[in-house]
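**Student:** Okay, here's what each chain looks like letter by letter:
4 protein chains.
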Amino acid sequence: MKIKTGDHVLIISPDEKTFLVVVSENKKMGTHKGEINLGDCIGKSFGERIHSNLEHAFLLLEPTLEDKMMKVKRHTQIIYPKDAAYMILKTGLQSGMRVIECGAGSGSLTMALANAVAPSGMVYAYDVREKHLDNAKMNIENAGYSDYVEFKLRQAQDGFDEEDVDVVILDLPSPWDGIASAAKSLRGGGRIASLSPTYNQIEKCVENLEKHGFVYIETLELLLRYIQVSTGKTRPVDRMVSHTGFLTFGRKIISEEPNHQQLSEFAAPNNS
Amino acid sequence: MKIKTGDHVLIISPDEKTFLVVVSENKKMGTHKGEINLGDCIGKSFGERIHSNLEHAFLLLEPTLEDKMMKVKRHTQIIYPKDAAYMILKTGLQSGMRVIECGAGSGSLTMALANAVAPSGMVYAYDVREKHLDNAKMNIENAGYSDYVEFKLRQAQDGFDEEDVDVVILDLPSPWDGIASAAKSLRGGGRIASLSPTYNQIEKCVENLEKHGFVYIETLELLLRYIQVSTGKTRPVDRMVSHTGFLTFGRKIISEEPNHQQLSEFAAPNNS
Amino acid sequence: MKIKTGDHVLIISPDEKTFLVVVSENKKMGTHKGEINLGDCIGKSFGERIHSNLEHAFLLLEPTLEDKMMKVKRHTQIIYPKDAAYMILKTGLQSGMRVIECGAGSGSLTMALANAVAPSGMVYAYDVREKHLDNAKMNIENAGYSDYVEFKLRQAQDGFDEEDVDVVILDLPSPWDGIASAAKSLRGGGRIASLSPTYNQIEKCVENLEKHGFVYIETLELLLRYIQVSTGKTRPVDRMVSHTGFLTFGRKIISEEPNHQQLSEFAAPNNS
Amino acid sequence: MKIKTGDHVLIISPDEKTFLVVVSENKKMGTHKGEINLGDCIGKSFGERIHSNLEHAFLLLEPTLEDKMMKVKRHTQIIYPKDAAYMILKTGLQSGMRVIECGAGSGSLTMALANAVAPSGMVYAYDVREKHLDNAKMNIENAGYSDYVEFKLRQAQDGFDEEDVDVVILDLPSPWDGIASAAKSLRGGGRIASLSPTYNQIEKCVENLEKHGFVYIETLELLLRYIQVSTGKTRPVDRMVSHTGFLTFGRKIISEEPNHQQLSEFAAPNNS
Numbered sequence: 001m002k003i004k005t006g007d008h009v010l011i012i013s014p015d016e017k018t019f020l021v022v023v024s025e026n027k028k029m030g031t032h033k034g035e036i037n038l039g040d041c042i043g044k045s046f047g048e049r050i051h052s053n054l055e056h057a058f059l060l061l062e063p064t065l066e067d068k069m070m071k072v073k074r075h076t077q078i079i080y081p082k083d084a085a086y087m088i089l090k091t092g093l094q095s096g097m098r099v100i101e102c103g104a105g106s107g108s109l110t111m112a113l114a115n116a117v118a119p120s121g122m123v124y125a126y127d128v129r130e131k132h133l134d135n136a137k138m139n140i141e142n143a144g145y146s147d148y149v150e151f152k153l154r155q156a157q158d159g160f161d162e163e164d165v166d167v168v169i170l171d172l173p174s175p176w177d178g179i180a181s182a183a184k185s186l187r188g189g190g191r192i193a194s195l196s197p198t199y200n201q202i203e204k205c206v207e208n209l210e211k212h213g214f215v216y217i218e219t220l221e222l223l224l225r226y227i228q229v230s231t232g233k234t235r236p237v238d239r240m241v242s243h244t245g246f247l248t249f250g251r252k253i254i255s256e257e258p259n260h261q262q263l264s265e266f267a268a269p270n271n272s
Numbered sequence: 001m002k003i004k005t006g007d008h009v010l011i012i013s014p015d016e017k018t019f020l021v022v023v024s025e026n027k028k029m030g031t032h033k034g035e036i037n038l039g040d041c042i043g044k045s046f047g048e049r050i051h052s053n054l055e056h057a058f059l060l061l062e063p064t065l066e067d068k069m070m071k072v073k074r075h076t077q078i079i080y081p082k083d084a085a086y087m088i089l090k091t092g093l094q095s096g097m098r099v100i101e102c103g104a105g106s107g108s109l110t111m112a113l114a115n116a117v118a119p120s121g122m123v124y125a126y127d128v129r130e131k132h133l134d135n136a137k138m139n140i141e142n143a144g145y146s147d148y149v150e151f152k153l154r155q156a157q158d159g160f161d162e163e164d165v166d167v168v169i170l171d172l173p174s175p176w177d178g179i180a181s182a183a184k185s186l187r188g189g190g191r192i193a194s195l196s197p198t199y200n201q202i203e204k205c206v207e208n209l210e211k212h213g214f215v216y217i218e219t220l221e222l223l224l225r226y227i228q229v230s231t232g233k234t235r236p237v238d239r240m241v242s243h244t245g246f247l248t249f250g251r252k253i254i255s256e257e258p259n260h261q262q263l264s265e266f267a268a269p270n271n272s
Numbered sequence: 001m002k003i004k005t006g007d008h009v010l011i012i013s014p015d016e017k018t019f020l021v022v023v024s025e026n027k028k029m030g031t032h033k034g035e036i037n038l039g040d041c042i043g044k045s046f047g048e049r050i051h052s053n054l055e056h057a058f059l060l061l062e063p064t065l066e067d068k069m070m071k072v073k074r075h076t077q078i079i080y081p082k083d084a085a086y087m088i089l090k091t092g093l094q095s096g097m098r099v100i101e102c103g104a105g106s107g108s109l110t111m112a113l114a115n116a117v118a119p120s121g122m123v124y125a126y127d128v129r130e131k132h133l134d135n136a137k138m139n140i141e142n143a144g145y146s147d148y149v150e151f152k153l154r155q156a157q158d159g160f161d162e163e164d165v166d167v168v169i170l171d172l173p174s175p176w177d178g179i180a181s182a183a184k185s186l187r188g189g190g191r192i193a194s195l196s197p198t199y200n201q202i203e204k205c206v207e208n209l210e211k212h213g214f215v216y217i218e219t220l221e222l223l224l225r226y227i228q229v230s231t232g233k234t235r236p237v238d239r240m241v242s243h244t245g246f247l248t249f250g251r252k253i254i255s256e257e258p259n260h261q262q263l264s265e266f267a268a269p270n271n272s
Numbered sequence: 001m002k003i004k005t006g007d008h009v010l011i012i013s014p015d016e017k018t019f020l021v022v023v024s025e026n027k028k029m030g031t032h033k034g035e036i037n038l039g040d041c042i043g044k045s046f047g048e049r050i051h052s053n054l055e056h057a058f059l060l061l062e063p064t065l066e067d068k069m070m071k072v073k074r075h076t077q078i079i080y081p082k083d084a085a086y087m088i089l090k091t092g093l094q095s096g097m098r099v100i101e102c103g104a105g106s107g108s109l110t111m112a113l114a115n116a117v118a119p120s121g122m123v124y125a126y127d128v129r130e131k132h133l134d135n136a137k138m139n140i141e142n143a144g145y146s147d148y149v150e151f152k153l154r155q156a157q158d159g160f161d162e163e164d165v166d167v168v169i170l171d172l173p174s175p176w177d178g179i180a181s182a183a184k185s186l187r188g189g190g191r192i193a194s195l196s197p198t199y200n201q202i203e204k205c206v207e208n209l210e211k212h213g214f215v216y217i218e219t220l221e222l223l224l225r226y227i228q229v230s231t232g233k234t235r236p237v238d239r240m241v242s243h244t245g246f247l248t249f250g251r252k253i254i255s256e257e258p259n260h261q262q263l264s265e266f267a268a269p270n271n272s
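Chains A, B, C and D are the protein sequences, given in the same order. If you count the first sequence from 1, position 140 lands on 140 in the numbering used here, and the numbers rise without skipping. If you count the second sequence from 1, position 258 lands on 258 in the numbering used here, and the numbers rise without skipping. If you count the third sequence from 1, position 120 lands on 120 in the numbering used here, and the numbers rise without skipping. If you count the fourth sequence from 1, position 89 lands on 89 in the numbering used here, and the numbers rise without skipping.
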C-alpha cells in the first residue's frame, strides 16, 4: 500500500512537530527544519521517511482518527477523543447508523461520528452559528469525511428534519433546548448523549430527559492520566487535564400513557 | 422497525434487572417477577413493554455494544468499555480494517473490535487457552458478530498468520511475548495497543516496543467516575472503580537501517 | 515506655481485626481467636505481642489519630482523615489556637481538631442534635481528648459564644446557616472551612462567604487512591472511595466600609 | 491582637500578588503597585489594609502554615501541603513528639513537622547536601520555627543520633537507604512514612520495610482537584497537578525472634 496523490499523511519532524497534509505532486511545504516536497511521499509506505532540503529526516505516518480530530481548525473548544470514543461505544453507534449531532462546533466530534457510521450511515450535523458550520464543513472535507455528513444551519428548538434516527448527540450550552426535538427524531430504544462542562447543566439536562420520558439516564466523567514510562523511574506525569466535560446518556422509550411514576422504575443502575 | 424472531433484545424488569435474550416465538423465560413469553416481543418496537404472567411490565430495549460486552459469560477479567472505546479510536480502527487481537479472553474486546471493523473488515482473535477460546467464540456467536471474527488457538511467540494488518491489540500477561510477532504482521504505520494492569508490565512492554522500532509510544489510564444527578443534591458517587488497566500505544515504522538512536527522535509528545 | 493501666492500645489479631481498648488490669475481652486478658498488656512495649487463651498472637500498637478517628461510634457519616488533615493544615490550626466546630457529628473531626490545638488550645464543638452531641462527647472521652473540647447544644444561626477565634469549621447540611455567626466570632484574618458533599451546597456556600466579606475563597476535593505494592506486580487497587466531600476555605477580612466591589479584588489564585 | 514588629504578615496586592514579610518599623518594600512601608502594619489587625505610595490598597493577612510552606526558597521540589498534612495525621504526629526527617530538602515539610510537634517536641532534620541544609535552615528561621528543629549534615546510611523517636519521615531518592537507620531509632510501635514519585521506588521501599520488620504497610497517593465555583456554572477546573508522589507508611514492631513468616500476618487492610 504505497502513498499516492490525495492521501492524508501525518509528517513528523525530528523534533516532534507534526504536520497533517494531503499529498500533491508539486506542492512544497516550508518547515523550521527546511523545505519538504510533498511529492516525495508518493510511492513511499507509511512508516518510511523523506528528507527536507536541509537533509533532516521526516517520518511519514498514517493519520489516525485522533490525529485528525486534534488537527481541526478550531473556532470552539473541541471534543476530546476520550469523550468522543466513549459516547460512540455507549450509544452503540456503528456502521450504517443515522445520527443527529446538534452543536457541530469545530467538527471534531462530527468526524468521529462519521468515521463510526461509514461507509453506509449518515451524520446530520446541526449548528446555529453559520461561521462555525462553515469551519466544521471545511474540517470535515479536509479530513475526507464529506460523504457521511450533511450540515444544517438551525437551532435545536426548531426541530430536526430526520425521523427514526438511532442516536442524537447534543453539544449545546443549553442541552435541554434540544431534548424535545431529540425525543421526536429518535426511534424507540434510540440513545441520546449530551456533553456539558458544568454541574448546573447536567442537573437541568437530567431533569429534562426525565420529563421527556428517557430512561437509563447516566452521567459520568472520564479522566485521562498519562504515565511516564522509563525503566527504573516510571510514574504518572506531573500535570493532567482535570476536566473536559460531563457526559450524560439516556434511552428513549415509547410511552403508551404519560405515566412518569412508572418511567422512573427504569433508572440506570449506576445512578442509584 | 418491529422486533422479530432472532433479534437481540435487552429486557429490563421493573426493579432494574436486565436480561439479554434472542427472541424466539415459543420460548418462555422465568424471572423473579414472573414468567415472560419471549414471543410477546415480536411485533413490538424497542422502547415498548411486555408483561409477565404476574402482570409486571418489562421494558424492551435494543442492546448496545456496551450491553453486550458487559453480558458476556466470563472466564477472565473482561475489558471495560471505556478502555475498548479508547483503544479503537486511538488506533484508528474503522470499518474495513483488519486487526489481530492476541489474548481474546472472554471476547468482550473482540466484540468491540468486530463492531468497529464491520461489515467489511476482520478480527483475527488468538488465544493460547482452548477453554477460553471456546467461551469467547460462543459469546461472539451469541452477540451476532461471528462473520467478522476468526478464532485461532496459538501463543503469541509463534507468530500470526496475517500480514499487513492495520492494528494489533495485545491483552497478555506478558505483552512483550507478542511484540516481535506484532511487528512482523503490521504494515508500515500500523498501530499497536496493549492493556496491562501493573506498572511492571508497562515498563517492560515499552522497553520492548522501543527495541522493535515502534515510535510514538504513549501509556495512559482512563478513570471513569459516575455522577449522581438529582435536583439540589448533585454529587460524584461514593465509590468508583479505581483501576482497570494501563493502555500503551505505539506505531510501526519501516526502518531502513537498525539505527535506534535515530528512532528515539520520534517520541510521543505526551511522554516527554 | 511501657504500657500501663489507662493507656489506649490498638490490638491486632493475626487475621487483621483491630480492637481499640483502654488497658485495665482485670478486664478480659472475647475475640474470634480466643479470650485475651487486657492486663497482659501492662509492662509490654508497643510493638510487642500478647497471646489469647487459644495461643493466638495479638500485636499491640499505639493507636494513631487516624486509628481513633476511624473507630468512633458513628451516628453520622464521619469525616475522613484525608479531609480532616488538609483542613487543619490549610486553616493553619496549631497548638494553642481556639477553634469553633459547628456540626460535631460523631466527633471524628472534633478529635483531629483537639489533637491539633492541644495542649493549650480549645475546641468549641456545637451541634443541634442532642443525641449526636452525647455520642460525640462519649467518643472524645474514650479517645482521651476531653480536656480540649467544650460541647454546646445549639444551632448555627443562633451564634457562637466565643469571640476572636482563629478558625471556624462548618460541617452542616446548610453551611450558609453558620456563615454569619462565623464571621462574627472570627478574628480578623481568621480562617473558615466548610465540608459538603454536593455541588449545590458549595455553590450556595461560596455565594454566602462572598456576601459576608470572606476572601481567598477556594473549593477543592481530595481523592485518595491506594496502591497495591507487590514485587513485580505493583498497581493501583481495583476500587476506591470516589467522593467524600468538597472542602471550601476562606479568610475573614475587616471591612472599613461595606464595599463588595473592592473585596472581590482578593480572590484566591486557584479559583480564577 | 494588633500586628507588631517581628510578626509575619502575608501582604496581598490588589491583583493578588502575595508577599510574606517580617514587620520592621523602618523597612520599605518596592512592589509593582508602588512602595509600601512595612512599619504601616504596626497597630493594624489582620484583615485590615495598608496603602502604597501610589494609593493602592494592600490586604494584611496572617500567614498560615500553607502560605509559609509555599513561600520557601526552593533548591529542590517541595513537599505539597496535601501530602505533608496527611503524613502528619497518619503517623499520629502531635505536640510534644520527637520526629526524624531524613532528606530535609528545602524545608517545607520540616516546617509542617515543627508546627505539629511545637511547642514541646522536636524535629531532627538530616540532609547530606550542605547547600540544601543551609537553605532549609534559613527557611525555617524565616518562618519562625527554629526552636523546634535541629539540623544535621549526614547521609541516611550512617544512622541517626536519636533513639526512641515517635516518627521517622524519609524523603530520599533511595528511601531504602534510610530504613535500617529508621528501624534502629524508632521506638516500638513508632511510625515511618516515605515519599517517592516513582513506582520503582515504592516497590523497593516496601520490600525493605517488610525485611526490617515493619507492619501495617500501606502505599497511596492523594489527588487534589480544585473546583471553580460560580453561581450557575460550577465545574472542576480545567487542569490539575496529576502527581506529586506516592506515600508509604509502616509501623515498627518489636520482634522477639526474626520470624518474617509471622510478621506478614499483620498486613495493612487496604493493601490486601
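Everything labelled a hint here was simulated from the structure, so no lab data went into it. Ideal Cβ positions, reconstructed from N, Cα and C, are used throughout, including at glycine. Careful, some of the hints might be misleading.
[Claimed, not checked] No more than 27 Å apart at the CA atoms, straight line, and that leaves these computed lysine-lysine pairs for DSSO-like:
no.: 1; chain 1: C; residue 1: Lys211; chain 2: B; residue 2: Lys131
no.: 2; chain 1: D; residue 1: Lys17; chain 2: A; residue 2: Lys233
no.: 3; chain 1: C; residue 1: Lys211; chain 2: D; residue 2: Lys17
no.: 4; chain 1: A; residue 1: Lys233; chain 2: A; residue 2: Lys211
[As the list claims (entries may be wrong)] Here are a few chain D residues that sit away from chain C, every Cβ distance over 10 Å (derived from the structure):
no.: 5; residue: Phe19
no.: 6; residue: Ser45
no.: 7; residue: Leu65
no.: 8; residue: Glu66
no.: 9; residue: Arg74
no.: 10; residue: Ser120
no.: 11; residue: Gly189
no.: 12; residue: Pro197
no.: 13; residue: Tyr226
no.: 14; residue: Arg251
**Student:** All the hints need checking, so say for each whether the structure fits it.
**Tutor:** Results for each hint:
1. Lys211(C) <-> Lys131(B): Violated - the C-alpha atoms of lysine 131(B) and lysine 211(C) are around 67 Å apart, more than 27 Å.
2. Lys17(D) <-> Lys233(A): 36 Å, violated
3. Lys211(C) <-> Lys17(D): Holds, because 23 Å separates the two Cα atoms, which is no more than 27 Å.
4. Lys233(A) <-> Lys211(A): 52 Å, violated
5. Phe19: 14 Å, holds
6. Ser45: The assertion about serine 45(D) is violated, with a minimum of 4 Å to chain C.
7. Leu65: The claim breaks: leucine 65(D) does not keep its Cβ more than 10 Å from every Cβ of chain C (closest is about 5 Å).
8. Glu66: With a cut-off of 10 Å, glutamate 66(D) comes too close to chain C, as the shortest Cβ separation is near 6 Å.
9. Arg74: 18 Å, holds
10. Ser120: 8 Å, violated
11. Gly189: Incorrect as stated: the minimum Cβ-Cβ distance to chain C is 3 Å, not above 10 Å.
12. Pro197: Since the minimum Cβ distance to chain C is about 13 Å, proline 197(D) lies beyond 10 Å and the statement holds.
13. Tyr226: 5 Å, violated
14. Arg251: 6 Å, violated
In terms of the numbered hints stated before, the structure departs from hints 1, 2, 4, 6, 7, 8, 10, 11, 13, 14, listed from lowest to highest.
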